[in-house]
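If you read the sequences in order, they're chains A and B.
First residue of the first sequence: 1, per the working numbering; consecutive thereafter.
First residue of the second sequence: 188, per the working numbering; consecutive thereafter.
Hints are computed from structural coordinates only; laboratory data are not their basis.
Partial chain B-side listing against chain A, Cβ under 7 Å, derived:
id : residue
1  : K253
2  : I258
3  : F324
4  : Q402
5  : G410
6  : P432
7  : L439
8  : L501
9  : G502
10 : Q505
11 : E511
Simulated coverage check for chain A against chain B, where a stretch passes if three residues somewhere in it have a Cβ under 8 Å from a Cβ of chain B:
id : segment
12 : 13 to 23
13 : 58 to 65
What you are looking at is a predicted structure, and each value in this text was computed from that prediction instead of being measured.
Yeah, the Cβ is synthetic: ideal placement off N, Cα and C, and Gly gets one too.
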Amino acid sequence: MKRYFFPALKLTLVLVLLTAGIYPLMIAGIAKMAPGKGDGVTIEKNGQVVGYANVGQQFTGDNYFQTRPSAVGYNAAGSGGSNKGPSNPDYLQVVKDRIDTFLVHNPGVKRSEIPVELVTASGSGLDPHLSPAGALVQVPRIAKLRNIPEQKLRDLVQANTKGPLAGMFGPATVHVLQLNLALDEIH
Amino acid sequence: MNTELLGIIATYAITLLIAFPLGRYIAKVFAGQRTLLDFMAPLERGIFRFCGIDPKEEMNWKQHLKALLTINMLWFVYAFFMLIFQDKLPLNPDQNAGQTPDLAFNTAISFLVNCNLQHYSGESGLTYFTQLFVITFLQFVSAATGIAALVALFKALRQKTTTQLGNFWDHLLKTTTRILLPICIVIAGILAFRGTPASFAGKDTIVTMQGDTVQVSRGPAAGMIAIKHLGTNGGGWFGANSIHPLENPDYLTNMTEAIAQLIIPIAMVFALGFFIQRRKFAYVIFGVMTAGMLALLIPTIISETGGNPAISQLGISQATGAMEGKEVRFGPTATAYWSTITTIVSTGSVNGFHDSTMPMTGMMQLIAMMTNCFYGGCGVGILNYFIFIIIAVFISGLMVGRTPEFMGHKVEAREMKIAAIVALLHPFLILAGTALSSFAIAHGWGAGWATQPGAWLNNPGYHGFSEMLYEYTSSAANNGSGFEGLTDNNIFWNVSTGFVLILSRFLPIIGPVAIAGILASKKHVPESAGTLRTDTATFGIMTFAVIVIIAALAFFPALALGPIAEYFSLY
Numbered sequence: 001m002k003r004y005f006f007p008a009l010k011l012t013l014v015l016v017l018l019t020a021g022i023y024p025l026m027i028a029g030i031a032k033m034a035p036g037k038g039d040g041v042t043i044e045k046n047g048q049v050v051g052y053a054n055v056g057q058q059f060t061g062d063n064y065f066q067t068r069p070s071a072v073g074y075n076a077a078g079s080g081g082s083n084k085g086p087s088n089p090d091y092l093q094v095v096k097d098r099i100d101t102f103l104v105h106n107p108g109v110k111r112s113e114i115p116v117e118l119v120t121a122s123g124s125g126l127d128p129h130l131s132p133a134g135a136l137v138q139v140p141r142i143a144k145l146r147n148i149p150e151q152k153l154r155d156l157v158q159a160n161t162k163g164p165l166a167g168m169f170g171p172a173t174v175h176v177l178q179l180n181l182a183l184d185e186i187h
Numbered sequence: 188m189n190t191e192l193l194g195i196i197a198t199y200a201i202t203l204l205i206a207f208p209l210g211r212y213i214a215k216v217f218a219g220q221r222t223l224l225d226f227m228a229p230l231e232r233g234i235f236r237f238c239g240i241d242p243k244e245e246m247n248w249k250q251h252l253k254a255l256l257t258i259n260m261l262w263f264v265y266a267f268f269m270l271i272f273q274d275k276l277p278l279n280p281d282q283n284a285g286q287t288p289d290l291a292f293n294t295a296i297s298f299l300v301n302c303n304l305q306h307y308s309g310e311s312g313l314t315y316f317t318q319l320f321v322i323t324f325l326q327f328v329s330a331a332t333g334i335a336a337l338v339a340l341f342k343a344l345r346q347k348t349t350t351q352l353g354n355f356w357d358h359l360l361k362t363t364t365r366i367l368l369p370i371c372i373v374i375a376g377i378l379a380f381r382g383t384p385a386s387f388a389g390k391d392t393i394v395t396m397q398g399d400t401v402q403v404s405r406g407p408a409a410g411m412i413a414i415k416h417l418g419t420n421g422g423g424w425f426g427a428n429s430i431h432p433l434e435n436p437d438y439l440t441n442m443t444e445a446i447a448q449l450i451i452p453i454a455m456v457f458a459l460g461f462f463i464q465r466r467k468f469a470y471v472i473f474g475v476m477t478a479g480m481l482a483l484l485i486p487t488i489i490s491e492t493g494g495n496p497a498i499s500q501l502g503i504s505q506a507t508g509a510m511e512g513k514e515v516r517f518g519p520t521a522t523a524y525w526s527t528i529t530t531i532v533s534t535g536s537v538n539g540f541h542d543s544t545m546p547m548t549g550m551m552q553l554i555a556m557m558t559n560c561f562y563g564g565c566g567v568g569i570l571n572y573f574i575f576i577i578i579a580v581f582i583s584g585l586m587v588g589r590t591p592e593f594m595g596h597k598v599e600a601r602e603m604k605i606a607a608i609v610a611l612l613h614p615f616l617i618l619a620g621t622a623l624s625s626f627a628i629a630h631g632w633g634a635g636w637a638t639q640p641g642a643w644l645n646n647p648g649y650h651g652f653s654e655m656l657y658e659y660t661s662s663a664a665n666n667g668s669g670f671e672g673l674t675d676n677n678i679f680w681n682v683s684t685g686f687v688l689i690l691s692r693f694l695p696i697i698g699p700v701a702i703a704g705i706l707a708s709k710k711h712v713p714e715s716a717g718t719l720r721t722d723t724a725t726f727g728i729m730t731f732a733v734i735v736i737i738a739a740l741a742f743f744p745a746l747a748l749g750p751i752a753e754y755f756s757l758y
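Next comes chain A alone, as it looks inside the complex:
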């Protein structure tokens, strides 16, 4: 073993320097040229940071488009999902309660019209998006509370919908924070 110990020790030193020292500094350097300079991309309103572009935030008010349920309360100090199995009876009760709450706050919406992401917790607890259907189903509620024609809000959702990557790959998404910022612009 002695024959191998000192080469191993020295090679370890070099590899630590290379992979944990030089490499991360190099990436941090490259990231300086990226949006957000490697600190994370923020979204501002009137010069005030109101959030991170890639980190979802909670909207509980009925007059805003609401985000998905979260196991960590949208506090990005941590992250995580519910880790509930599909057959867990306590979990299914929670989903049932979410459906009932949604129906109370959104009269006129039928059960079968509720997109599933609105009653299930995301994996990160920080999901910034909804599907277009997840935003559209909330339109009648918000239109009524804000006295805005429904069609105008549907157009707003449409305008804030990002299609699949290159028009071909993956699902379409709606960024809830950006949608709500745009919503506040309507008078």
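Position chain B relative to chain A; hints supplied.
Same frame as chain A, but now just chain B:
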């Protein structure tokens, strides 16, 4: 065709388009032929001079393993103490505490063995210093270790009779400088430009639009996330791994990370063909591995896009599929694809929580790790597959009544014993571990423990059993993903999985390298009409059958108690 399905087809197609030339490149690197990155040579020479290593000194299989085990032992000691004392080291802007000894034991081993089981959350359980100097470092070198061991096997297969299998240090360093680092810089660059943090700034505090004060964890994550995938490591920067919107911001990064984790495992198969100049042999292996992947992937996609039947009963239409534990920007199809590739290649990173997937999906994830050789982890995937080849050669030989031969060398009792031990070790560790933890719960062990066994599980019934089965399967496959509902940061799980991790890493490296070394040192028997050909579809099917019989059927009773029982209770 819908865009979600198209997305994963494109992802896999791009993977192959990169993996094939990469395989040719890797073969050239280790054959010492000219490549694009030859400008690294002076740096490598300088490093070898500093370390007192002669990279041209040939090692036999025993010397290879001695060097490998020595340096790995060193890394373990280094990592263990760094983790315990991380609170006293620099680069800790969030003031996180040191790890407890049992957690540090588990974490150090877990990253050393390329598993990346994480019994902590990245945001609070590590500092930027340990994220880089322990985690990122080990993610590079553990992947390089697997590849270096595999290259020794390549060299054993290439020659008729030899004991000279190249130099371990040379394989290790070149893997890092010629393969891992350059590709990682590209991947990390893509991530950084799509919004993954890469600076050293600590947690940020912001007031959200509706007035909540929240914090946002950050850090030099992009580089680590690149090697976490390229090296099939899987341990995330953030607790939620690649589900986290900073760790995996959009569909493009999702494709990038999915491609990154699969290119080296597939490239190594092609590299084998180029290196030993038996391309057809490699294509047969690739075919079997791909068939195995599809057999796992298709049921997974069907069950995830079908949604949770219990939620359908509540009157909800699940147009896109099951969404618990998943993110809208990826959708269930991409999450299903990821869950399959991350379990076949031992990455263990996730873009949707496995604990919340459907029972059929959970079973596919488990079988992927139980077989653990469809592409498989960096280097070790082919080492695992090699064991099955040897067994298939032996069984085929017996069936036709000939002395089993592989690549012109007789396969005899000694090699078969090693192959059998390695093949049986995997089910033994998984089933014995699960039995032990089930016993602990059933018999109320650990009255004095901080976490009572009764509080381990996050879900009742069959699914709870699956959580334990998954944890040991993931450990034994050096995968690292989890049914994360399991309360695993306590002495029982930290220590028991720690030992499973060590055994299931090093024995499956030692075994195949030893077999290859022993075979290569034997007299070469020229091929004749009576030789069993190993580069035919027939032999491929034979190997597939051996994998199914040994790896999958051993686990059937355990699967019946977990995901299969849950399936029938739900559908």
